[in-house]
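*Asks:* One letter stands for each residue in the lines below.
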Amino acid sequence: MDKNYYGWGLPVDISAHGSQIDQLIIILHLAMAALFIGWSVFLVYTLIRFRARSGHEAVHETRHFKAPTFVEVLVALFEFFLLAAFATPIWLSVRQEFPPDDKALHVRVVAQQFAWNIHYPGEDGIFGRTDPRWMGSANPLGLDGSDPAAKDDITTVNQLHVPVDTPVIVRLSSKDVIHSFTIPVMRVKQDAIPGESIPLWFEAKKTGEFEIACAQLCGIGHYRMRGFFTVDSKEKFGEWLKAEAPQ
Amino acid sequence: MSGHLSEEAVKQHVRIYRRVFLALGALTVLTVAVSYFHFSVAVAVAVALFIAVTKGSLVAAYFMHLKTERKIVWGILAMTFFFFVFLLTAPSLHHR
Amino acid sequence: MSESASSIRYINRPHPVTGVTNAKLGIWCFLASEVMLFGALFSTYLLLRTGSASWPHGPATLNVPLATLNTLVLIFSSVTMVMSWASLATGNFRKYRLYLGLTALMGCVFLVVKGFEYGHKFEHHHFPAASTFYAIYFTLTGLHGLHVIGGIAVNLYFLFRGRVLWQRDPERLTNRIECAGLYWHFVDLVWIFLFPILYLL
Amino acid sequence: MSGHADPGLPFWRKYIFSTDHKVIGVQYAVTGLLFLLFGFGLATLIRWQLAYPGQPLPLIGGWFAESQMLGGIMLPEFYYQLGAMHGTIMVFLGVVPLAVGGFGNFVLPLQIGAPDMAFPKLNLMSYWLYFIGGVIMFASFFVPGGAAQSGWTSYPPLSVIASDGQTWWLIGMAFLINSSLLGSVNFIVTIVQLRADGLSFGRLPFFVWAQFVTAFLLLLAFPPLEAAAVLQLMDRLAHTSFFMPSGLVINDAVVNISGGGNAVLWQHLFWFLAHPEVYVLVLPAMGIVAEVIACNTRKPLYSYKGLVLSAVFIGFMSFIVWAHHMFLTNMGTVMSTFFQVTTMIISIPSVVILTVLVLSLWGGAIRFNTPMLFAIAFLPMFGMGGLTGLPLGLAASDIHLHDTYYVIGHFHYVVAPGTIFALFAGIYHWFPKVTGRRMSETLGKIHFVPSFILMNCIFFPMLMQGLAGVLRRMYDPLQYAHAQAAQPLNVFASAAAWLLALAQIPFILNFFGSLFWGRKTGENPWEATTLEWAAPSPPPHGNFLEAPHVYRGPYEYSPPQAKSGFWPQHVKDPR
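Protein chains in written order, with my numbering: chain A, 1 to 247; chain B, 1 to 96; chain C, 1 to 201; chain D, 1 to 575.
No wet-lab data here; the hints were simulated from the structure. The reader is advised that the hints may include incorrect statements.
Claimed, not checked - Taking CB as the label site, the calculated pair distances span:
no., chain 1, residue 1, chain 2, residue 2, range
1, C, T50, D, P540, 55 to 65 Å
2, D, K14, C, V17, 32 to 42 Å
3, D, F64, A, S233, 46 to 56 Å
4, D, I73, A, K242, 41 to 51 Å
What the hints assert, rightly or not - Per the computed footprint, the stretches of chain D lying under chain C, defined by three or more beta-carbons under 8 Å from a beta-carbon of chain C, are:
no., segment
5, 112-120
6, 189-201
7, 213-222
8, 228-242
9, 261-273
10, 533-546
Quick caveat, the model's predicted, so the values are computed rather than measured. Note that CB positions come from ideal geometry on N, CA and C, so glycine has one too.
Make the full structure from the sequences, and use the hints.
*Replies:* What follows is the structure, encoded as structure tokens:
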């Protein structure tokens with residue numbers, strides 16, 4: 001795991017939509033810093049200038065500022081500008097504008113107490129039927145042996161490989177409690193809620209090995225639900241898929 | 001409604017209470033009767049709620065004296081109802 | 001009660017501006033919070049029903065005639081409650097005790113009928129865990145039942161302890177009975193909405 | 001002095017089961033402070049595990065049971081108990097009882113010129129329900145399986161399958177909720193009905209307005225959580241499936257329940273309370289800061305109407321923003337857009353209040369006594385808390401920052417150097433009124449300076465960790481590469497946290513010492529204008545010798561008419 005992916009600031013960004021999120025975060029923090037420093041300077045100046053000392057009397061009359069209403073309106077407008085121009089477009093694209101099915105890699109990720117089960121459809125592109133009744137330590141996804149579509153499915157634990165520059169559509173669900181599938185470097189985070197199969201999509205722009213984490217408290221093993229997110233070139237991904245395919 | 005009511009005022013009240021009681025009884029029977037007809041879900045819900053709201057407002061207006069209650073009580077109830085609507089509908093609209 | 005500096009005002013006399021006594025404003029605030037309590041449960045009902053594939057039809061699973069009787073019982077107890085207040089307002093302490101006793105009795109009848117209904121359900125192993133329908137049915141009617149028990153307890157307290165306060169300060173007892181009445185009518189109001197939603201739809 | 005409870009009561013009726021709002025206020029405040037200290041202790045343990053994961057706790061490691069610390073090394077179960085109970089205790093047993101129960105009960109009736117709360121017996125019941133709730137929460141640590149460990153938010157299905165401590169948590173919460181509920185009824189009726197003659201709503205001190213809005217938040221927001229607690233108790237004890245969807249498989253076994261429930265329903269009902277709750281935490285603090293600033297700048301607040309309208313608007317809006325805690329629960333885009341807009345809107349009144357409080361300093365003759373230091377420090381710290389709320393309020397940036405230490409830094413900035421500093425200001429400000437003695441200024445400043453610096457040394461690094469994506473509620477931060485990179489920040493913040501614990505010793509000494517050795521003071525040591533300073537210190541039962549009449553607004557400092565530099569509300573003619 002190369003060290004310079006992570007530091008004290010934002011982690012490296014290898015996601016298609018990541019730069020937009022980082023841009024929003026940076027703009028916000030610059031504005032916040034400006035506001036905070038501006039107000040703090042004013043506060044300190046006021047405290048010094050109007051400190052109690054002999055020969056200095058407080059002034060009863062209060063109305064000598066018209067500026068603040070202007071500042072407040074400005075701040076409000078700036079917030080709504082951010083919301084409309086930045087936040088909403090990113091949010092809608094991440095949550096609604098999915099890539100076309102045929103161009104994307106489809107993967108199922110099923111969280112469980114304390115591991116990520118990854119399920120690829122295999123050659124036929126169809127996910128085999130799964131059922132809670134068959135779920136066990138040998139068959140964590142509960143694949144139905146009798147279903148022909150399940151024959152070629154590929155299942156791994158904590159190992160999510162994706163090809164670079166290819167949109168990936170993940171169907172996220174959970175077997176037991178609420179988990180939260182997050183890949184910090186991809187700026188991806190989505191709660192895995194039992195009883196729901198939640199779609200999310202992303203596209204990796206750089207190859208390498210990164211980490212998956214669980215962001216929602218899911219029990220005493222919550223902290224050790226670490227998964228590996230490996231972005232391969234298209235060829236290497238094909239090879240990996242073949243290697244993992246059931247013989 | 002202050003505690004002290006004149007003789008005449010109470011007689012008038014009692015007459016109202018008796019009439020409201022009969023109305024509530026009738027509406028109860030009505031709403032049960034309606035349930036035996038197999039309307040579509042939407043119609044059944046609408047009718048049942050309409051009757052329930054009518055009965056509720058009768059109880060509130062006459063038995064709880066809301067008809068003659070002061071502004072401050074109405075204010076609190078109106079505000080509560082506004083938040084009640086959010087509480088009632090938001091969870092069901094989660095996926096919208 | 002002397003109006004000296006250190007005694008609390010507007011216990012009996014309504015506040016000149018708001019026009020209500022302390023207790024009345026207090027009970028209405030409490031009922032507002034109860035609206036939100038049952039609101040959350042109705043919100044749960046709405047979500048569970050709209051979210052589930054199949055939801056049992058009320059009349060097919062629950063005993064509607066028995067519940068209809070219960071509704072009438074509760075409505076009648078609302079009437080006797082307000083009559084007990086009206087009797088007090090005209091100074092007729094005897095009629096007040098009669099009506100208040102009737103109200104408490106009707107409350108008990110409601111609970112007994114409810115007991116039969118629950119017993120019948122338990123016999124057929126329809127426990128709360130059976131389905132989300134039975135879960136919300138038992139929780140809603142159960143919490144409502146607890147409120148009925150609370151109301152009966154308050155009414156019984158006034159039935160037996162009312163005379164002491166009646167001698168000392170009749171107006172204060174009248175106000176208290178009005179507040180107890182407001183609570184009781186609210187409990188009846190909740191049932192008026194509960195009945196069609198659970199039993200008829 | 002006639003009154004509803006003559007002073008000749010036996011000791012236990014006068015001080016333990018008293019119906020006097022001042023005794024109950026002190027009981028709330030002291031119990032609240034003790035729970036704050038206890039909750040802070042839990043936090044120092046959490047900080048140890050975050051700074052030195054898996055290493056035995058020095059000195060006191062052996063004191064803990066085997067189920068909590070094996071050979072001095074903290075177990076994950078205990079870490080998650082500490083996390084859940086730290087949150088619960090600080091919010092529900094510490095800050096709210098101190099801010100609403102303590103300050104509200106003691107100061108409010110005095111500030112409106114009333115002899116007591118409207119319903120004294122109800123007030124007594126409120127405190128003891130709170131006390132029982134506190135005992136249940138404290139005892140839940142010793143239940144087999146330990147205390148609640150699913151976070152202070154207790155999300156199902158995890159909370160439904162958790163150990164017995166969760167049931168104790170729910171029952172404890174039911175007591176606390178009923179206590180706050182009855183308390184809020186008492187507050188609303190007292191403020192509306194028992195104001196002194198001449199004290200119109202336009203002349204109420206802002207502290208009273210803040211408590212008034214807070215009371216409505218408690219009144220209407222708590223019951224849904226009580227209903228949710230009932231539902232979760234049914235799920236846990238009666239095996240219903242309100243929050244348990246179908247097809248759950250736990251430990252490789254299909255869960256034998258009906259299913260059909262919805263896990264997100266709890267989040268809706270919980271956050272429906274929890275967001276108004278965070279405004280319940282900050283509004284009384286704003287009230288205290290406004291009082292202390294007005295009194296110590298010796299001039300009226302910049303815009304009393306602006307403050308009041310903003311507080312009321314915050315109260316109203318706080319009911320329709322709750323789902324910004326739930327952007328990642330597969331919420332629809334219409335809903336999430338709505339809640340982003342309401343979250344932006346609610347940030348405006350907070351900015352207005354902060355602006356008004358800062359501008360109130362302009363043109364004053366500022367006295368830098370201890371309460372004023374804490375009140376001034378509240379302003380930038382609450383500013384930081386508010387600002388860091390923006391990236392969390394926008395769903396897009398929330399994707400990266402949700403459930404990270406950015407969230408922890410955000411709300412701690414509002415609650416710790418924000419609300420708790422304001423509560424310290426309140427303690428130093430009203431201690432003379434409660435006890436008739438002043439707290440020492442030097443000890444006060446020794447308490448303020450390190451606390452102010454250390455608070456920032458703890459919570460600012462959390463914001464940086466949050467940006468780095470470090471996730472919250474992680475027993476062992478060294479498991480993840482992105483967290484290892486930010487680990488030095490953990491060590492630094494933990495050291496600051498332990499030093500902050502030391503920095504509270506001057507306050508504790510000052511608080512208890514001044515009860516006996518503090519300089520005696522008269523009715524009005526700060527020369528303030530509001531009504532509580534018209535009563536003797538400490539005020540007798542029934543508060544005022546004769547009912548005060550109010551002639552003007554609350555902050556008539558340095559008026560041209562009054563030579564003495566301030567014109568109290570109850571004084572008809574200053575000359």
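*Asks:* Can you list which hints this structure breaks, lowest number first?
*Replies:* none
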